[in-house]
Amino acid sequence: MKTLAELQAIRDKARKEINLREENPDAIRVMVGMATCGIAAGARPVLNALVEETGKRNLTNVTVTQTGCIGLCQNEPVVEVLVPGQDKVTYINVDAEKAIRIVNDHIVNGNVVSEYTIGTAIK
Amino acid sequence: MFRSNVLICGGTGCSSSKSGELIAAMNEELKKKGLEKEVNVVTTGCFGLCALGPIMVVYPEGSFYSMVKVEDIPEIVEEHLLKGRIVKRLLYSETVQEDVVQSLNKTAFYAKQKRIALRNCGLINPEIIEEYIAMDGYAALGKVLTEMAPADVIKCISDSGLRGRGGGGFPTGTKWSFAAAQTADQKYVCCNADEGDPGAFMDRSVLEGDPHAVIEAMAIAGYTIGANQGFIYVRAEYPIAIKRLQIAIGQARENGLLGNNIFGTDFSFDLEIRLGAGAFVCGEETSLMTSIEGKRGEPRPRPPFPAVKGLFGKPTVLNNVETYANIPQIILNGAEWFASMGTPNAKGTKVFALGGKINNTGLVEIPMGTTLREVVEEIGGGIPNGKKFKAAQTGGPSGGCIPAQHLDVSLDYDSLIAIGTMIGSGGLIIMDEDNCMVDIAKFFLEFTVDESCGKCTPCRIGTKRLYELLEKVTSGNGTMEDIDKMEELCYYIKDNSLCGLGQTAPNPVLSTLRFFRDEYIAHVKDKKCPAGVCKGLLNYYILPDKCKGCTACARKCPVGAITGKVKETHVIDKSKCIKCGACVETCKFDAIIKM
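If you read the sequences in order, they're chains S and U.
To convert, note that position 116 of the first sequence is 115 in numbering that gives the first Met the number 0; the numbers rise steadily by one, no gaps.
To convert, note that position 508 of the second sequence is 507 in numbering that gives the first Met the number 0; the numbers rise steadily by one, no gaps.
One chain only, chain U, in its complex shape (with noise of 0.2 Å):
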């Protein structure tokens, strides 16, 4: 018996900033005070935070170090392990008040979050199946196979409410019905974990944290319609991810939860890893499963829908990685449990990756319904250095943007439609009034004209020409017409593009053009970028009361703009200045202003 759990996480985020090195040190320094039978170390997934990285938590006393260093392990293994002694200089902040230690879940990061899919990420060692077990893993697999008639599971999940989570929202029990209802020598069930947006890391963290519940829902899943055989298509940049993949398939197989005749049921069930290659639109539906068939990734039209004619020409389902996640939780726990969370229209949790210009960047999940608000000055903790909301991008290169007007906006699937942007993958985006938005707009343009697959005319050529028109408005070139034929064009682009990628791409574009306008506009009329993001419209200049010819900014320029003799004002030559900043960042009088 352990008397105490460390555990540490081993998430991506974590990763990156060295928890493997803390396992490392945590083990080597346990062992050094003969402490290793006492003390289990259990790397797990991620808890959320990740802006608090390398995160490790202590329990029975629950304690949330944050930040660890190799060097604060000793101090640790020390005080707490030994002596029993909180480090309190290491916990995270906000668990700390007014020198009280309190639980991690009346945080304002976690007080208002409600794990479902997340809810194994940070609590259970990953590779070590026993511990999904113990929080009920397989169960609800047990359940079904034993206790319920495809018709119930579907009935089960269609009455919970659960929609897709990948983005577009289907009804997921109505999906099951559809390829439960074929008939086929084969049936195929997909689940796409190519997680392409920018910013977006939901998928890879239910997968790093807790990798049999999506197996367990996809075995689940294959028994509804009638399939003996998945596959997850996972990005292959997501190298963590599939090694704990790869080791809870193997674990699943070995003890008998994946195979021939699973629980002694005539029911039989494998899953094979495919891997792809990187390409935005494979997380198309279409495209993925052409993907998986070895060919080149591009969509098909629809109809056929994968559930008539899907993988190989065989009905499918397919779902997103966080959808199979909730899907043991509702068999176990029950239709109307689910149902009791979120909204009218939307059901249960979503979870979202929180990043830019906000405290807590991280992953929470918040029933649907919760307010944009409560996630950016709750949960997120509020916009870094006293900055202003200036508005939330979500659903990344398909999405659009939420302004300061709607922050109050309800986060589920038909409120973020009705303001023009979409819940999408979960993808949550803040920005300050730093950001530009007519730069925001053309970034994800860049996105996408980049991964457009080329097979239609709308998709490939009119991504491109917008991204151009774009280019020529925040280099100060454009003019009013530009803006409306952007419009237009975009327009044309969603009405006739051939996949979701083309169809939703113009998004960013008419949604900046419908809140921010009057950006768009003093970019063209003003010849001015009001963020001071747009570098064709921006000046640097040299204020002669401040500047006390110190020379330090004519040595820092790259390209010799800057001329001036000491202790005399300096100048920059407007013609050779490239606009690179590094000046501002030199001067230490705050002389050098851009506008």
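One chain only, chain S, in its complex shape (with noise of 0.2 Å):
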């Protein structure tokens, strides 16, 4: 170690695998639902270009993690994204292409993918 911006380069790259370790209460939540109709309608895939997105991007402020059903089996996978202070947004029949630009259009720029919502989507 010669300098202080290698120890902070470490630090850096380091702290993205720690995030998760610490209680957030303004992250924003991504679910992902992960019965077993999600699964069976491939939301492992969802919920994997979900982590690798928000990393890639340094999203520290974003935990992604699976919930139930929430009866929609029809629609799985099944994506909610809570953003605190906002009406929760659910996504239906994500995969994951999807997700990558729920990740980016939603989480990073804050305009919610309205296609792929459960409201727009079911017509």
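Worth flagging that the hints you see were computed from the coordinates, not collected in a lab.
Just so it is clear, the structure is predicted and the values come from calculations on it, not from any experiment.
All residues carry an ideal CB built from backbone N, CA and C; glycine is no exception.
One or more hints might be untrue.
[What the hints assert, rightly or not] Stretch-level coverage of chain S by chain U, calculated; a stretch enters the list once three of its residues show a Cβ under 8 Å from a Cβ in chain U:
1) 3 to 11
2) 59 to 70
[Stated by the list, open to error] Below, in silico cross-link-like pairs of lysine to any residue (SDA-like), each with a Cα-Cα straight-line distance of 20 Å or less:
3) K87(U) x T35(S)
4) K15(S) x K32(U)
5) K36(U) x D86(S)
6) K1(S) x Q250(U)
7) K82(U) x G67(S)
8) K36(U) x G70(S)
9) K1(S) x L144(U)
10) K55(S) x F1(U)
11) K111(U) x K15(S)
12) K82(U) x G70(S)
13) K55(S) x N39(U)
14) K36(U) x N47(S)
15) K30(U) x R43(S)
16) K82(U) x T89(S)
17) K142(U) x A40(S)
18) K30(U) x N47(S)
19) K32(U) x A40(S)
20) K12(S) x K32(U)
21) K82(U) x C36(S)
22) K105(U) x P24(S)
23) K82(U) x A95(S)
24) K32(U) x A39(S)
Now that you have both chains on their own, put them together as the hints suggest.
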């Protein structure tokens, strides 16, 4: 270790893995339905894509977690995005590609991807 | 990227309840389900709640699973990690309020704690230096080496009000300034990890859970006083702590955080581990240094103090593990931050090893000045089986007892000394009405008799004679003169012993004589042990109206002291009875009593 910058670089890299372990009440919560129906419909790749994408973009303020069945089994995989202070947004029939777009448009830029939301897509 | 972290405690407490098997089973199960790339299994240091081990915490949810068994692993993986359904039956019951899972930090055990020395314990993997660096590790060393002069460091530590956490309570900044002021061709930094008090395991947990914090702090001390070599004296009975220290020192060297020209400056520093062979006296600073030198661990008179003439006759700074663990935080957050916690004369926090008759045994770190009542009733969760609090023992064999009338005492250096005990290294043993205070004093004295190094007479012979007097009292042969003689002998030993071991050895006796003299008198005058502990004063009786004559006790008695025919009342022959209590446990009709 010759410089403080080197230490900082190690810190920033390792920080990503540790972040998960701190309770952050202000975090944006992304929940993937992972009951039997969700898993059968392909929720696992969606979950992984969400984790990868948030990691790639250094989104430390986001926790990706699983949740159970919300009763929309025919529309699984379901992804819910909960930004503190805002209404919950529910996306349906999500796949890995859609998941990446949700991260980029909704979580990073704050624009709800309305074409995937339950209100639009179900019609 | 991992989406979930599973933290499993690998401290000594949970390791002995087989957390190692849990880690292996978890890894295997994850592989079976193809989740090994998504879920990171992390072995951590102590979470503190040792009574509920083995402990497992799953993030990002922060689910706190307690007393997990290998058989539970498939369910946790299937339900929680795969489907996202928390396994509620395994959660620590305090975290479930009216069926809603709440944060661990809101539970009674953790709510009043303030973790500084233990901040990384149970949060990072102590065997991976990157995880420590991620928690701002080595940033304090970087700051000290690039921005601060040694005098600035001393000022910062002095202003913080940090005092020695090993028991003495000497101001750390002052200690460092003494060593820094010396001119010498060589100086040393030593760490006292020879934690020997019965029931104390604060230092072990820091070393096991966050070894880099100690290494970083020792390097800071080295820079401050002008030393390039450090020694960590750790007892050989701490294998996990030693292993993690070795790994940590190796990783620090690889990353250039120990060795030559750290952070490209002129400062070089390296560390070595020295193992103690288990002598309690080696926790005393002069004995510890004599032992590092390769000689028999015996104390030497002070002055000269170690800061002037310490290890190998050179100026030396010697601090305890917990003291060091506070240093990097003080450097990073500033003296004012640290000084804002605690009482006017005792800043910051103190780690206590909570044990004895208490529901939540384990490790707690609380701001100085927290009352004993808060620790016992809130953090500790009260006394088991609805018994009454009788006393708390602090400071191990060097300390004394705090009786119930002082339950509201503030836990800090001066308040405890005022009532005849000391904060010590942090052992806190809770006793209920079933504990005999004379017996407790005898227990600690037996320990010091064993551990007296024998160099000076007052300690070697004095503690032995004191022990014999206690023995006389507990066997029912004591006289009132013996009690006075004991008191006199206590003061003689205190005044004349060479080192801290002897000077403090009579404290358990003096303290119990002060607060529980009536118990001593009961032993002497009434020939009774009020708590029913001292075997010499106990007799077992069979109550004729309750005895059914089942013969169970007679068959169990190892010395054949119980006689009686089937379906007739049995009797105990007092001359044969060895008072082992086996008959009481055997009797189904509660017909046998001791009094």
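Consistency of the hints with the structure:
Given a C-beta distance limit of less than 8 Å, the hint that chain U covers the region 3 to 11 of chain S holds, as 4 residues qualify and 3 suffice. Evaluation of the coverage hint for the region 59 to 70 of chain S: fulfilled, as 6 residues show C-beta separations to chain U shorter than 8 Å, against a requirement of three. Annotation: proposed proximity of K87(U) to T35(S) holds, straight-line Cα distance about 19 Å (limit 20 Å). Under the criterion of a C-alpha separation no larger than 20 Å, the hint pairing K15(S) with K32(U) is inconsistent with the structure, at around 24 Å.
At most 20 Å may separate the alpha-carbon atoms for a hinted pair to count; K36(U) and D86(S) exceed this at roughly 33 Å. Only pairs whose Cα atoms come within 20 Å are accepted, and K1(S) paired with Q250(U) is accepted, the gap being roughly 15 Å. Under the criterion of a C-alpha separation no larger than 20 Å, the hint pairing K82(U) with G67(S) is consistent with the structure, at around 7 Å. Under the criterion of a C-alpha separation no larger than 20 Å, the hint pairing K36(U) with G70(S) is inconsistent with the structure, at around 29 Å.
Note on K1(S) and L144(U): the hinted pairing holds, with a Cα-Cα distance of about 11 Å set against a maximum of 20 Å. Among the hinted pairs, K55(S) with F1(U) is consistent with the structure: their alpha-carbon atoms are about 12 Å apart, no more than 20 Å. Distance check on the hinted pair: K111(U) and K15(S) sit about 29 Å apart at the alpha-carbon level, beyond 20 Å; violated. A distance of roughly 15 Å separates the Cα atoms of K82(U) and G70(S); the hinted pair therefore holds under the 20 Å criterion.
This hinted pair checks out: K55(S) and N39(U) have alpha carbons roughly 17 Å apart, not beyond 20 Å. For the suggested pair K36(U) and N47(S), the alpha carbons sit about 10 Å apart, so the restraint of at most 20 Å is met. Restraint check for K30(U) and R43(S): satisfied, since their Cα atoms lie roughly 15 Å apart, inside the 20 Å limit. Distance hint between K82(U) and T89(S) is fulfilled; the C-alpha atoms sit about 18 Å from each other, no more than 20 Å.
Among the hinted pairs, K142(U) with A40(S) is inconsistent with the structure: their alpha-carbon atoms are about 52 Å apart, more than 20 Å. With a CA separation close to 16 Å, the supplied pair K30(U) and N47(S) stays within the 20 Å bound. With a C-alpha separation of about 17 Å, the suggested pair K32(U) and A40(S) falls inside the 20 Å cut-off, and the hint holds. For the hint pairing K12(S) with K32(U), the CA-to-CA distance comes to about 28 Å; that exceeds 20 Å, so the pair is violated.
Between the alpha carbons of K82(U) and C36(S) the distance comes to roughly 10 Å, so the proposed pair stays at or under 20 Å and holds. With a C-alpha separation of about 13 Å, the suggested pair K105(U) and P24(S) falls inside the 20 Å cut-off, and the hint holds. Taking the CA atoms of K82(U) and A95(S), the gap is near 18 Å; set against the 20 Å cutoff, the hint holds. The straight-line distance between the Cα atoms of K32(U) and A39(S) is roughly 14 Å, inside the 20 Å bound, and the hint therefore holds.
Going down the numbered hints, you'll see the structure goes against 4, 5, 8, 11, 17, 20, while the others check out.
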